[in-house]
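**Q** Sequences are here, hints too, so could you generate the full structure?
Under the working numbering, the first residue of the sequence shown carries the number 1, and numbering increases by one thereafter.
Do not rely on the hints blindly, as some may be mistaken.
Said to hold, decoys possible - Think about it this way: if two alpha-carbon atoms lie no more than 20 Å apart in a straight line, the pair counts; the simulated PhoX-like pairs of lysine-lysine are: (1) Lys219 x Lys233; (2) Lys57 x Lys133; (3) Lys70 x Lys27; (4) Lys211 x Lys195; (5) Lys125 x Lys70; (6) Lys167 x Lys57; (7) Lys234 x Lys219; (8) Lys144 x Lys234; (9) Lys149 x Lys133; (10) Lys48 x Lys106; (11) Lys167 x Lys106; (12) Lys144 x Lys240; (13) Lys149 x Lys167; (14) Lys195 x Lys240; (15) Lys48 x Lys27; (16) Lys167 x Lys147; (17) Lys213 x Lys147; (18) Lys149 x Lys213; (19) Lys144 x Lys125; (20) Lys219 x Lys239; (21) Lys234 x Lys195; (22) Lys106 x Lys27.
Calculated directly from the structure, the hints in this document are not laboratory data.
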Amino acid sequence: MLPENVRLYIYTYYLRSHEEIDNYGFKVQGDGLLEIPIVKRTAKRRRKTREILLNLKCSMGSSELLEISKTFTSPWVKRNWSSEKGDPYFYSGALMKIINYELDEKSVKDIAYVMGPVLFQFIEKNEQDEQQKRDNELSRLREKFEKLKQIPIATNIPFDRRLYISKICDLFEDMISNSKIHSQEKFTTHWRQGKRTLFLHFLMAIYMQMKTKLQFDWKEIGADYYSEIGGSKKFDGPKKEFISILEELDFPPISISGLLSLGSIVFIPFSGPLNGSMCEYRFGTVHSITDHAVFSDSFSTTARNLWLVENRGVVTRFSYEKDYLRDTNSLVIGVEGQLKSAVKRFIQMVYQSVSIEQVLIWTDYDEAGVVIANTIYEVLMEKNNQNLTIKWIVPNQERVVYDVQSYLQIMNDYLQKKSGEQEERMEGVEEWLKWMEN
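**A** Structure representation (C-alpha cells):
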C-alpha cells in the first residue's frame, strides 16, 4: 500500500493533466524501494507515460540533506544526471527518479532526478523552525524596544532631535510589523532576514544614543548596545547602507542625531538671492549650503523666478550670466540627481517665499531626468501654491510646457528615439528669457 503522504506528494507536484497512479502496477521492492507507474487516461485508451522510483528509507543525515537541498530547492527542480551521480542520492532516500517513456510505453525517453518526500519534509521542517526563530527574535526585539521607549529623553538633548527620535520610533514599528507578515519594503527587498534583523538592532542602538547623549561616536552605538567584546564593530559592515536608508526615507542629516564621527556632508549648489537667519547671499558666483544648515536654519528668497535644475554645470552657466539672474530676479538651485531629504526641504522652504511667481523645472532628457522632474513636482505639490506658475523645459520645439501630464507625454515620445543631457541644448540668455516669458 502506497503511504498516503507519498501519494499526496506525487499528486500535488508530479502528475500532469489526465495522469494518475496505476495502483495495479504498483510494486514494493526490498529495502523500502517503490516502483510507481503513472498512466494517462483518455476517452479511448490508458497509456503508461512514466514511472517514479523512490526509497522510503532515508540513510542521509541532516548535514547531507541540507547540502543536497541547495541544488533541489523545490519539487519542480529537475536534474538529468547520470546514474553514477544521481543514484547514490536516490538509494539514500533524498531524491526520486522519474523515468519518462516514449509512446510505445517501453522505450525510455529520459530519466530525471527530483526531490523526494523525505527531502521535502526536511526542507519544510527547517523552514518552519527558521520561521519560529525569526518570530521569537522579533518578539524579543519588540519587548526590548518597549523598554527603551520608557527611558526619558535627557534634558540637554536639543529640541530639533526629537523629530529624529520620533521618526526612528515610527520606522522601527513599521519594520517590525512588515517583518512579521514577511512583506518587503522597497529599500530592503534585496536583504535577507538576518540583515533586516540587524537593521532593527541598529535602529534601537542609535535610538538609545540619541535619547541619552548630546553627542556620540560611531563606535559607541554598537559598544553600548551590545555591551560585549566586538560590539563596537557589529554595525561596521553595513554602516554606509544603513545610514543612507535613513536619508532615502527623508530623515534629517545623521549629524542632527548627535553622531559626530560619521555622515557625509551634502552640498546644495545655487546662485541668486538667498537669506537665512545667519547668512545672506546676493547675485554673483555659485554658492552652496550644507544639509545640516537646511535642517538647522530657515531660508527664503526675494527672487521672482525659481529655476530647479538637475546638473551643477547648469547652475555654473547661469551664475556666469549674473546680469541675467539679477535683471530677471532669478534664483537657480541644482538638485543633482536623486533628491535627498535636505534638497527636498530646501526646495520647499524657498518655494514658499512670497516673492516667487513661477518655477521652472529643467532636468536631463533621459529616464532618470523624468524621475527627478516628477519628484520635484511632488515636492512642490506638498506645499502647493495655486498662484504660482510651474513650467517644464522639454527638448522639442515648444521647449516649455505648463502641466505635468504634457511633460510626461512629450518625454515618453522623445525617449522612444533618443535621450540627452541638459547641457546638449543649453541655449543662452535670449532663449531663457523666452522660456520665462512664454
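**Q** If you draw a straight line from the CA of Lys149 to the CA of Lys167, is it 20 Å or shorter?
**A** holds (13 Å)
**Q** For the pair supplied as a hint, Lys70 and Lys27, confirm whether the alpha-carbon distance does not exceed 20 Å.
**A** Not satisfied, since the Cα-Cα distance of roughly 31 Å exceeds 20 Å.
**Q** Holds or violated: are the alpha carbons of Lys167 and Lys106 at most 20 Å from each other?
**A** Distance of about 69 Å is beyond 20 Å: violated.
**Q** Hey, Lys48 versus Lys27, does the alpha-carbon distance stay inside 20 Å?
**A** Measuring from Cα to Cα gives roughly 15 Å; hence the hint holds.
**Q** Going straight from one Cα to the other, do Lys144 and Lys240 come out at no more than 20 Å?
**A** violated (25 Å)
**Q** Take a quick look at whether Lys149 and Lys133 sit within 20 Å of each other, Cα to Cα.
**A** violated (24 Å)
**Q** Compare the distance between the alpha carbons of Lys234 and Lys219 with 20 Å, and conclude whether the hinted pair is satisfied.
**A** holds (9 Å)
**Q** Below or equal to 20 Å on CA atoms is what counts here, so check Lys234 against Lys195.
**A** holds (12 Å)
**Q** Within 20 Å, alpha carbon to alpha carbon, are Lys213 and Lys147?
**A** holds (17 Å)
**Q** Verify the proposed pairing of Lys57 with Lys133, using a straight-line Cα cut of 20 Å.
**A** violated (29 Å)
**Q** Hey, Lys149 versus Lys213, does the alpha-carbon distance stay inside 20 Å?
**A** With a Cα-Cα distance of about 15 Å, the restraint between Lys149 and Lys213 holds, given a limit of 20 Å.
**Q** Sort out whether Lys239 lies within 20 Å of Lys219, counting only the CA atoms.
**A** holds (11 Å)
In summary, the structure is inconsistent with hints 2, 3, 4, 6, 9, 11, 12 and 19 from the numbered list given earlier, while agreeing with the others.
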